[in-house]
Amino acid sequence: MPNPTTSLLSIRGLVKHFDISGGLLDQLTLEKGRLRRRRTTVKALNDVSFEIRRGETLSVVGESGCGKSTLARTVIGLYPPNRGQVIYGDQRIDHLTARQMLPFRRRMQMIFQDPYASLNPRMTVARILEEPVIFHNPGMSAAAAAEKVADVMDQVGVDPKWADRYPHEFSGGQRQRISIARALMVDPEFIVADEPVSALDVSIQAQILNLLMDAQEQRGLTYLFITHDLSVVRHISTRVAVMYLGTLCELAPAASIFNQPRHPYTQALLSAIPRLGEQRSRHIRLKGEVPTPIHLPSGCVFHGRCLYADERCRQEVPTATPLGPDGLVACHRVAEGKM
Amino acid sequence: MTHLLEVENLEVRFALRFGDLTAIDDISFHLDKKEKLGIVGESGAGKSVTGFAIINLLSKPGYIAGGRIRFEGREISRLSAEALRQIRGNRISMIFQDPMMTLNPVLTIGTQMVETVLAHRRVGKAEARALALEKLRKVYIPSPEKRLDQYPHEMSGGMRQRIVIAIALLTDPALIIADEPTTALDVTIQAGIMELLTELCETEEMGLILITHDLAVVSQVTERIAVMYAGRIIETGYTADIVAHPRHPYTIGLINSLPGLRQAGSRLEQIPGMMPNLTAIPAGCAFHPRCFLATPECRAARPELVAVNGGRQWAACHRLELTAGRNLLHH
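So the sequence lines, in the order shown, correspond to chains Y and U.
With the numbering used here as the guide, the letters of the first sequence map in order to residues 83 to 421.
With the numbering used here as the guide, the letters of the second sequence map in order to residues 421 to 751.
Just chain Y, same shape as in the assembly (with noise of 0.2 Å):
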């Protein structure tokens, strides 16, 4: 059992798959003069499993389609999950009643990427800020609301006297911060940020990731963070989890993830990582290309494109295996001890 001083939320064996195949007449296809009916399901997560610790910024990164955004999804009850158990504190809440989860969605906030999408452009942003607090707090008098909006406006630096624009009338940037302030609105405990800062640009990008990480100095907030943006990911994170066509390479404080990766795929891929003033990059090249997540291959997913795979990979599944107290690596290889 994940120990609930430490563990804030822990997953275990998470498996989500999505039904693609349409209506019975698209499933339907003809196979040597026999009528036979096939599904397709996509398998954006297969066997994940990690914990999350309070206070800590973990970081999920991996190239599109690796199942990054649907975890996120997922852990926050977005989606409910096919197999496995989302545990928050000492309680499990993947199959809780919309009734029973209320508790726990003021405990946890999500952040999207496209804040021109995710804020709607016909309410002002008072009332945007407001409804996530009076929903959750039937009693509360309309001032003590507005108090508690201009309050959370200030803190993430958007004036207050804006309260009555609307979302059109600010800039990518500040529309991210009004988002964030969305989010800490009910004083949540646990904020899932979806590629918070990827839409924006460098300068207002730093601008973000500054708020992003006084808040959590502040509040004492704990971060999943879902990125692409590996450099990004080096500056906030405690932790750095590595997926790859739905599954978990390997977890790892980030210090290290970065100085000794040691699944394959993670060094392939932060070889790839552009880096201001260095000549060329001496990245690893991978052969071939992602396969799709609807036919995953046999044994480990990353055999076909592994510089070191051998029968064994290609054949059994490997397990995420603890490395040193706050990691895990889910590899052959690594766990003989040849990597």
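Calculated directly from the structure, the hints in this document are not laboratory data.
There's no promise every hint is true.
In silico DMTMM-like pairs for lysine to aspartate or glutamate, Cα to Cα no more than 25 Å straight-line [claimed, not checked]:
#1 U:454 with Y:360
#2 U:454 with U:426
#3 U:558 with Y:371
#4 Y:369 with U:569
#5 Y:369 with U:565
#6 Y:125 with U:606
#7 Y:369 with Y:311
#8 U:558 with U:606
#9 Y:243 with Y:233
#10 U:545 with U:502
#11 Y:369 with U:619
#12 U:453 with Y:360
#13 U:566 with Y:371
Mind docking chain U on chain Y? Use the hints.
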């Protein structure tokens, strides 16, 4: 000696109902064969408009209001549509950010490539197809014969961008303008595409203009860069020098705000405020409202580019004496 491309005092405006907006204000740069120039800046700085202006792809209400663009010794900014066709897509090719938008989804790769060859060369279909195969091999597309009969949706994003590059190579251009070519791609794919572009500049003896917001990518690929802000080049010169000792406060701020360089977890240096809208560019130095060194002079007079660091870089700032002697990479 004439350069492959020479842009002098280029000015681009957009004619709008309430008057003209100046999107590009008096910029100059040049490029030689096999040379790679990066144009860097944030959204709205004018970097894409610069790329479009070179091949005259500006659509109304945009127009070139002044300046000269000389390509292979010839003035090309005021050519007729017919004469321009000899150059655009032929001697100069352009690559865009999203390969799915550039490729026609209902035509096979082969059809699109043959079409491009036939538009520019008087050759037969078989010959055009052979040329297409040759270029697909150059960009390392595996089993190119098979790919010719496939549609864009059957390929991954990285593969599509390689095909777009192969199409750009069909006419043996002397210059490629790549506008954010890897922004939509994952880092491992990006590294491969950048390596390919660098290699092609050498083997095909082409010049490359790389337009991007990503300073790190530019610093690895290009020999020289031009940093743009609000329609002007505010710093330019050799990439290695600028990255190590930027002199314009905006370039300094931009590099300092990158998360990769600082102690993990420390506060990132941020540039206050945001880039001005083109309708309200501040007087004097356009950067002065955000600048930590601004003085009344910066508000009154617009600084011109001046040579610093023995001519290895040029910066447009009134307070250059204060930005000398810093090395950002070794904090």
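Are there hints from earlier that the structure breaks, and if so, what are their numbers?
Of the numbered hints given earlier, the structure breaks none, since each of them holds.
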